[in-house]
Amino acid sequence: MNIKKYLATAIMAAKSQTNAGIFYLLPNYLLKVVYLLPLIFLWRTLMNSGVETGMTLQQMLTYTYMSTLLAGLLVIRTPLGNWIYEGLIIGLYQRPLSIYGNIIAQTLGVNAVTLLFFSLPMALASPLFGISIIPATWWFLLSLLLCISLGIAIDFIYACLLIRLINGSYLVYQIRYAIFLLFSGSVIPFAALPWGIGRILIYQPFGSLGGAPLGIYTDLSNPFQTILIQVGWNIIIWFLAVIYLKKSQERLVSHGG
Amino acid sequence: MEVKKNLLLQVLRLYGFYAKLDLMWLLRDAKYAILAIITDTISSLAAVSSVFLLAMRFNGVGGMNQFEVLFMLGYVTSVSGFFDLFCSMNNGHISRRIGRGQLEHSFIQPLPISIQLLCEGFIPFTGSSPLICGIAIMAVSLGRLGIIVTWWWVLSLIVSLLLSLFILLCLSYLISSTAFYAPVACEEISTLVINDLGSLMNYPLFGMPKAIVWPLITVLPYGLLGWFPSMALLGRPPLSLPYIYPAVVALVLFVITYYVFKKGFNYYVKRGANRYKDLGFRK
Chain A
9 MNIKKYLATA IMAAKSQTNA GIFYLLPNYL LKVVYLLPLI FLWRTLMNSG VETGMTLQQM
69 LTYTYMSTLL AGLLVIRTPL GNWIYEGLII GLYQRPLSIY GNIIAQTLGV NAVTLLFFSL
129 PMALASPLFG ISIIPATWWF LLSLLLCISL GIAIDFIYAC LLIRLINGSY LVYQIRYAIF
189 LLFSGSVIPF AALPWGIGRI LIYQPFGSLG GAPLGIYTDL SNPFQTILIQ VGWNIIIWFL
249 AVIYLKKSQE RLVSHGG
Chain B
743 MEVKKNLLLQ VLRLYGFYAK LDLMWLLRDA KYAILAIITD TISSLAAVSS VFLLAMRFNG
803 VGGMNQFEVL FMLGYVTSVS GFFDLFCSMN NGHISRRIGR GQLEHSFIQP LPISIQLLCE
863 GFIPFTGSSP LICGIAIMAV SLGRLGIIVT WWWVLSLIVS LLLSLFILLC LSYLISSTAF
923 YAPVACEEIS TLVINDLGSL MNYPLFGMPK AIVWPLITVL PYGLLGWFPS MALLGRPPLS
983 LPYIYPAVVA LVLFVITYYV FKKGFNYYVK RGANRYKDLG FRK
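So the sequences go chain by chain: A and B.
In terms of our numbering, the first sequence opens at residue 9 and continues consecutively.
In terms of our numbering, the second sequence opens at residue 743 and continues consecutively.
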């Protein structure tokens, strides 16, 4: 496989984010920080209330901080949905790249910009927030890779739903938002949920997204068990995604624009 | 007086027109419309359920008990519900229209842009489910809190909800003004303001340091979209501030937004948006 063309695609996607200049990305990043600050203090208030959660305050803060820094990767979103909605999808079939490789390269290229200009400076600034971002174990890197891979597979399935619903991008977006918010564990750690819900949620496919690497990162979950579950869901969801896309692309309708 | 009366009639006629369009869509594509209503309901409940689950786990949040938190979440859902009801055509997410170069579409309509933005996006039949959800959540919590609901309390609630919606729109228009100058980078900035930062509405600010609370009820007043008004409605206005405080902030924010947006708009009128294509689509 010629990796160069995929690398060039990723670089092109990254550059497209900064066409108007890096300065214009700042408002988005600034607003992310504005969102993060009250959350940090909310957790401080809650965790000091004396209720036993099985988490320390430091674990909770690291979890929240890292979920903001890695938000784009924990619940990854490919450009496929937008391309179908905007009618750009046909162009994808005219390029001398595989559909999967092209989408993955574009997705990683776009996310690289945020990692470079937001996540990296924020990681360096973490002592200013009084938060330690040293991972409990480096197994989280493998878990993060599996999380990204699974996220892309799930996104392919959402794209197939979009193709089936023709104009249903809003529906798919809303359902996707609701599912990720509740079941991915990237906003609220599973351990902080009442009635032991979190212990069940780790076994469903969305639990292998954000919640899995963050759980390993903060020493909330067993790395080997978590990675095993992630591998299992990756195999199942990728299998379904490939089959579903193969069937759905025959139904693809593009009106353009 | 006559002009004002005509204006009001025109606005009402337009609301009627958009309601009719919405009903036509519902009847023409009932399956899709019903799916949209269901998904709206699910996402509304999902948005508030995580904070409620936290409130259950921690026996309340920051000095509010579980049902006060539930009332606040019902209030927030209702604000979002009003937004969905009146702002479904990107007249709330205005940076999308600016960034895509679609404001030109409004220039050729025989109506002032302000009237168009006020009336477009009214979808009473397919867009009211989040508002109904919000009202139901508030009703449940009020029952558990034992609050006696009088007609003037209901009136206060409606005024309060409309004021919160107004503040949210002012914030969106203010920050979206950046899209006049950087259409590509800021096309989706209103999504960040309304949807992403809007999550801040869900959190009670009791117990947080004043350095966090004050900015959230002045500069970025997300605290006035849920926490402050719901506590005021429950008879405990935070920080000993008067009940009318959100109205004062709304007025100041409106003046600033008006000035900044108008400045950006004048820039746009002179420079245009290079993303506009002859088919009306963006690149």
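Treat the hints as calculated values from the structure; they're not laboratory data.
Predicted model, so just to flag it, every value in this text is computed and none were measured.
The reader is advised that the hints may include incorrect statements.
Chain A is faced by these chain B residues, among others (derived, beta-carbon under 10 Å) [what the hints assert, rightly or not]:
hint	residue
1	Leu751
2	Leu754
3	Ser792
4	Ser941
5	Pro984
Virtual Cβ for every residue (Gly too), placed ideally from N, Cα, C.
Hints the structure fails to honour: 1, 2, 5
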